[in-house]
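Protein chains in written order, with this note's numbering: chain A, 1 to 448; chain B, 1 to 517; chain C, 1 to 121.
Treat the hints as calculated values from the structure; they're not laboratory data.
In this text the structure is predicted, and so the values were computed from the model without any measurement.
Check each hint, because a few of them may be wrong.
[To be verified] Restraint-style ranges between C-beta atoms, simulated for each label pair:
hint, chain 1, residue 1, chain 2, residue 2, range
1, A, GLY22, B, GLU475, 46 to 56 Å
2, C, LYS98, B, ASP39, 53 to 63 Å
3, B, ASP31, C, ASP110, 38 to 48 Å
4, B, ARG258, A, GLU251, 32 to 42 Å
5, A, THR285, B, ALA27, 49 to 59 Å
6, B, LEU38, C, GLY119, 36 to 46 Å
7, B, PRO121, A, ARG303, 36 to 46 Å
8, C, VAL46, A, GLU282, 28 to 38 Å
9, A, ARG182, B, ASP61, 31 to 41 Å
We treat Cβ as the ideally placed atom computed from N, Cα and C, and that holds for glycine.
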Amino acid sequence: MRYLPLTNTDRADMLAVIGAAGIDDLFTDVPVSARLSTPVDLPFHAGELAVERALGALAGENRAAGAGPFFCGAGAYRHHVPASVDHLIQRSEFLTSYTPYQPEIAQGTLQTLFEFQTQVAALTGLPVANASMYDGSTACAEAVMMAARVTRRKKAVLSGGLHPHYVEATYTLAHSAGVDTRRLAAAIDAEAAVIEAIDADTACVVVQTPNVFGTVTDVTAVAAAAHAAGALLVVVTTEAVSFGLLKSPGEMGADIAVAEGQSIGNGLNFGGPYVGLFACREALTRQMPGRLCGETVDAEGRRGFVLTLSTREQHIRRDKATSNICTNSGLCALAFTIHMSLLGGVGLTTLAEHNHARARALRAALATVRGMDVLTPRFFNEIAVRLPKSATQVVDALAGRNILAGVSFARLDPGAGMDDVLILCATETTTDEDIAALIDALEMEFGA
Amino acid sequence: MTILAVGRPTRSDPDMKSAGTTRSGGALMQDEPLIFELDCWEKTGVDFPRDDFGPDLDASDLAGLTRASPLRLPGLSEPEAVRHYVRLSQKNHAIDLALYPLGSCTMKHNPRLDEKLARLPGFIDLHPLQPMSTVQGALKVMDALAHWLTTLTGMPAVALSPKAGAHGELCGLHTIRAAHEARGDARKTVLAPTSAHGTNPATAALAGYQVVEIGQTADGHVDIADLAAKLGPDVAAVMVTNPNTCGLFEREIIEIARLTHAAGAYFYCDGANFNAIVGRVRPGDLGVDAMHINLHKTFSTPHGGGGPGAGPVVLSASLAPYAPTPWVVHQGGRLALLEHAVGEATASHGRMSAFHGQMGMYVRALAYMMSHGADGLRQVAEDAVLNANYIKARLSGVMSAAFPDGPCMHEALFDDTWLEGTDITTLDFAKAMIDVGFHPMTMYFPLVVHGAMLIEPTETESRRELDRFCDALLELAAAAKAGDVDRFKGAPFHAPLRRLDETLAARRPKLVWTSGD
Amino acid sequence: MRFTKDHEWVDLVGDTATIGITAYAAEQLGDVVFVELPAAGKTVKVGEALAVVESVKAASDVYAPISGAVTAANSELADNPQTVNDAPEAGGWFVKIKISDPKQVEALMDIHAYNAFLGTL
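For reference, chain A alone in the conformation it holds in the complex (with noise of 0.2 Å):
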């Protein structure tokens, strides 16, 4: 077995230093009708070939994005990442390491974090930021929480706006914990209805922008009707590009941002493992869930960096810790932090750019295609099209094709009556050759 460096002679010696007759005396604690004395009813070893062959042929099954034409978002989009960063977070220093537990043999870690925090609280506007949540909705349910811890209230109200996935988690968090949610109902552009759903009980309201309609939002007199009420403001973002282009959380008021991290430096992976980013206002810092890096000296007198404010956490707080989360999503905030760095502000701006001008492009060429007609109204790159028939049916059958056309916004929230309802999705990876065999393909299935 390659992974397994004992040899039987080892193993007898070893035995012997122990002073013990067989391996089964190690294990004589087990109850004996426990014990199972042969393998279990699954298959022997097998050499790399053999595995690779056996997931090579299942990853064949699969309609990669990027084998043609390809419109899905909605939560999770599909970015060019550089090489670099991959090759990078593949450092052995980096992948094989824990949690910079003992900081003096983690600083390559640590300082990442650190670099990440500043650049999270730099996107989002807000002055702190954490060092990353499992993804973008297990931290807007974490945000939520944190409200309600803040503000010792017990209600939140979610719009119509954000994504279906995101009220359902946020829903199982706060329910167990006796958080009331109120979702508004389902709407391409009404993220300030959840002014009017404002009362003395609430201790946050979540809007998502650009929403999972893909509409933008300037949310600030929401900020204020929140503060108004003694209530927070959380914004959510999924596409976290559209923050080198669009006024960020912090900019429109708001307490805590949240957002996916997925689209920098991560790729889709079929849903996980993401990024969730998570900022705040420095007043609510330590009501903040999560691992946090901070900056301090050694024992020289030189900067260095240390896991911080863990008095907050589940291994000293135990009950009464601000959330159980006891690790943050590593790797992925590593590469997020690389792609990052590599783009700078100058590029990210530009990235986000050339995503809205995709989307243009896109919206465009949807625009003449008779029966259909776009409901963003304004949008970075994502818009909600509203199909002559049901939208499940034309994914399905564009899939038919090999055009993957986007997400139909009844897999998301079956119950909202917007059957009719497709969101596409455009990234600077859309070509022009792509939107037209989307059109030409349209146009075929409402038999133009």
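We have chain A already, so just place chains B and C on it with the hints.
Positioned in the frame of chain A, the structure of chains B and C alone reads:
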């Protein structure tokens, strides 16, 4: 005032600065500033085909919605970025460099085949919301992983989507809550041992439960009498780690399950230490109702400096209907995901996260399992336990084992009684290990053992590496006992940095770089 | 000055009690890095959570040793939490409370009783 937890010292001895620094091995090691200090504000390391988009590069319909001021973040050219991050990487310890004996963390070799396979375009370049017909291979991976996990644990069902061990615990307790609520039985309490990892009580509290601690016996096991006394009609679940955080198998585990079930509660097992028994014991045979499995421990997906992990939860038949969406189903020879709590999934407790969980980790874990097979996984447990007992045997003559009688499982636990009278603490000893080339063991955990030192070698260490490690620790221990205090108090002396001031970091939190720096 | 078994001290002047944690408690906590105090005006009852004191390695709840209304919190601790270590029973005070029942103070331990109590720990 109640002091909730007392752990390690956090600020170094004031005299430490005077201890001599004899830095060696620092040749060719560069000090590396932050990216914000490299004067790279105006450029970018990514080239764009600007000409292709020129005419349409127009944000006119976003008037009033764009950033008021330019985004100020540094951009590095590729050579600068590669050098920056490679230099930083050199300041990290890693399992690829040497044994990494963090108890309860399971730092084992990460096979590179798994990395290669997870990066196949058919896996890494797959959108979670593509039509099911275009992702049959990915769903087969999830289905196969579920088959391996349920077979190895002897449990009928598994929820794959939790994104880490703690997320799996939460998923398990949500599932248990849903099962109780479906019967109209709103229970409010979760029992967990004092030796439990902090995530157990934190998770139970987050899931809306009151946490009551169960005591521990002098030999490091759950106190059954205390458990029996605290069980009652208000107890929703008992959470027990097995093998436990002291590195011992709970001998009375079947009785714990029986008592739990007799009280109408569910038995949640923290499977963080499943690597010690995989292939030799099936939790389903012990009466477990729910158990998360850290794929990054038992099935060796890389820890990546703190994540991402993955924490699938295996479930008993009575809990399976309440599992979170989505899950994979067979539909007439094809696979599909049930994504909403309707139909077959009506009783589902909800959704743990936006998509289907950690697909990148599923591929790696499945490759690891297929490589080892049923025979190899059994050998994994045996070698992990053998290696830990070998370390315990070799060190016990000098260091004090917390539970000297009988074998340990996959990790050997020592306390600090052997350091009494030396003026050297567990922390000092751990930091001195760095100077002799090893990452410290887990220290001050579990909390039930004074000055705990928890050593987990894993099965991927050769006998030569184990001996090198034991020899180094025995030499250090002899120095400690001989009164060579200076070698410990100021340690580490040869790491990239000396001991860091955690008090300063916490008193004046500085979490981001600012331009005034 | 009076003391509790939870290591708080109470110094009563008129009907206002100043409250802090004892030198023993500060020593046990190690370097204090943060103190969370209630706002003035808050009323508390004996045994209710009054404040949270954090060191790097521990976070501890401080319970009200007496009932009353908070009249002042020590703002100095926000900027200089180490005052709790430097002068726990003077400048490191936490809050001042206008008490509702003087008998609650009399029931607490005096310095001799508290020292004897520490001897049993």
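Quick rundown of the hints versus the structure:
Checked against the given bound of 46 to 56 Å, the beta carbons of GLY22/A and GLU475/B, roughly 31 Å apart, lie outside it. About 58 Å separates the C-beta atoms of LYS98/C and ASP39/B, a value consistent with the hinted range of 53 to 63 Å. The hinted range of 38 to 48 Å is not satisfied by ASP31/B and ASP110/C, whose Cβ atoms lie roughly 57 Å apart. Separated by about 60 Å at the C-beta atoms, ARG258/B and GLU251/A break the suggested range of 32 to 42 Å.
Judged by the Cβ atoms, the range 49 to 59 Å given for THR285/A and ALA27/B is violated: they are separated by roughly 40 Å. Here the CB-CB span from LEU38/B to GLY119/C is close to 59 Å, at odds with the stated 36 to 46 Å. Checking the proposed 36 to 46 Å range against PRO121/B and ARG303/A shows it holds: the Cβ atoms sit about 41 Å from each other. Separated by about 35 Å at the C-beta atoms, VAL46/C and GLU282/A satisfy the suggested range of 28 to 38 Å.
Checked against the hint of 31 to 41 Å, the pair ARG182/A and ASP61/B passes, with Cβ atoms roughly 32 Å apart.
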